[in-house]
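A.B. asks: Sequence:
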Amino acid sequence: MYAFSVIAALLSVVSASPAPVPDGTSGIPIPTIGPCTDSIKPHAHIIATPATTVVAGLQLSYDSATSGRATLTDNGFYSLWDFSNGGVGQKPDCAPTIIWLNIDPVATEYRPVYWNKTQITTNWSAGYGQDLVAKGTRAINAYNTTDTFIACKPLVSVVKKTPWYLFLLTSTTVPLASAPSLKGFDTKSCVKTRLTVEAI
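Read in order, the letters of the sequence shown correspond to residues 1 to 200 in this note's numbering.
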């Protein structure tokens with residue numbers, strides 16, 4: 001009877017002990033990383049304004065078919081935004097990669113705006129509830145501070161609902177139809193607009 005009691009006691013101790021793991025250590029609980037909380041942080045669109053333009057209310061987006069050109073569409077980024085270091089960065093929820101809104105540095109009055117994993121443009125002034133402003137530069141291809149963009153449709157489209165492509169408008173007397181950067185775009189469709197980050 002005594003031997004039976006000892007065996008029963010030993011079995012209860014063994015069953016209560018952590019099971020060994022393959023390297024011989026005891027089964028210490030492994031800490032886990034909690035769920036990403038990005039989805040519950042405030043998100044916002046960047047939208048075309050003012051209300052009087054034909055593109056009003058359309059949202060800043062991305063066209064992967066044209067090397068990341070910035071566009072205006074019905075269904076743009078609803079995102080966390082990073083405005084650090086003079087940038088405008090779009091951060092997908094729980095993703096380590098940010099894509100940055102850049103101004104093409106070419107010498108032209110209508111500068112294409114595009115997305116890239118590298119932050120090249122560092123002269124944006126932006127924040128929630130504010131208009132996007134490109135502060136003036138002193139580089140070789142300098143331009144003055146501006147908050148005005150133009151949005152244009154391409155001459156040829158392979159999709160039913162063509163997005164509007166964005167260009168930064170700088171001081172110019174060059175007609176739209178004569179601008180090299182607008183080659184391939186319907187310059188009669190182009191409209192001036194601003195880009196406003198929704199307030200949160």
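These are calculated hints, taken from the structure and not from any lab test.
Using N, Cα and C, we set each Cβ at its ideal position, and we do this for glycine too.
The reader is advised that the hints may include incorrect statements.
[Claimed, not checked] The calculated label-pair distances, taken between Cβ atoms and stated as ranges, are: (1) Val191 x Cys36: 37 to 47 Å; (2) Thr172 x Asp38: 20 to 30 Å; (3) Thr173 x Pro96: 25 to 35 Å; (4) Ser178 x Pro42: 22 to 32 Å; (5) Val191 x Val133: 27 to 37 Å; (6) Asp186 x Ile40: 20 to 30 Å; (7) Ile200 x Thr148: 36 to 46 Å; (8) Ser64 x Asp93: 15 to 25 Å; (9) Lys41 x Ser178: 23 to 33 Å; (10) Asp186 x Thr148: 37 to 47 Å; (11) Val174 x Cys36: 26 to 36 Å; (12) Gly136 x Thr52: 37 to 47 Å; (13) Ser171 x Thr97: 26 to 36 Å.
A.B. asks: Look at each hint and say if it fits the structure.
C.D. replies: Structure-based check of each hint:
1. In this structure the supplied range 37 to 47 Å holds for Val191 paired with Cys36, their Cβ-Cβ distance being about 38 Å.
2. Our hint of 20 to 30 Å for Thr172 and Asp38 is violated, since their Cβ atoms are close to 40 Å apart.
3. A beta carbon spacing of about 45 Å between Thr173 and Pro96 contradicts the range 25 to 35 Å that was offered as a hint.
4. The hinted range of 22 to 32 Å is not satisfied by Ser178 and Pro42, whose Cβ atoms lie roughly 43 Å apart.
5. A C-beta distance of roughly 19 Å is found between Val191 and Val133, which places it outside the suggested range of 27 to 37 Å.
6. Between Asp186 and Ile40, the C-beta spacing of about 42 Å breaks the proposed range 20 to 30 Å.
7. Evaluation of the 36 to 46 Å hint for Ile200 and Thr148 yields a failure: the beta carbon distance comes to about 24 Å.
8. A hinted range of 15 to 25 Å for the beta carbons of Ser64 and Asp93 is consistent with their spacing of about 19 Å.
9. Between Lys41 and Ser178, the C-beta spacing of about 45 Å breaks the proposed range 23 to 33 Å.
10. Taken as a hint, the range 37 to 47 Å is violated for the pair Asp186 and Thr148, whose Cβ atoms sit roughly 19 Å apart.
11. The hinted window of 26 to 36 Å between Val174 and Cys36 is violated, with their beta carbons roughly 47 Å apart.
12. Evaluation of the 37 to 47 Å hint for Gly136 and Thr52 yields a failure: the beta carbon distance comes to about 26 Å.
13. In this structure the hint that Ser171 and Thr97 lie 26 to 36 Å apart at CB holds, the actual value being about 35 Å.
The structure does not agree with the numbered hints 2, 3, 4, 5, 6, 7, 9, 10, 11, 12 stated previously, though it agrees with the rest.
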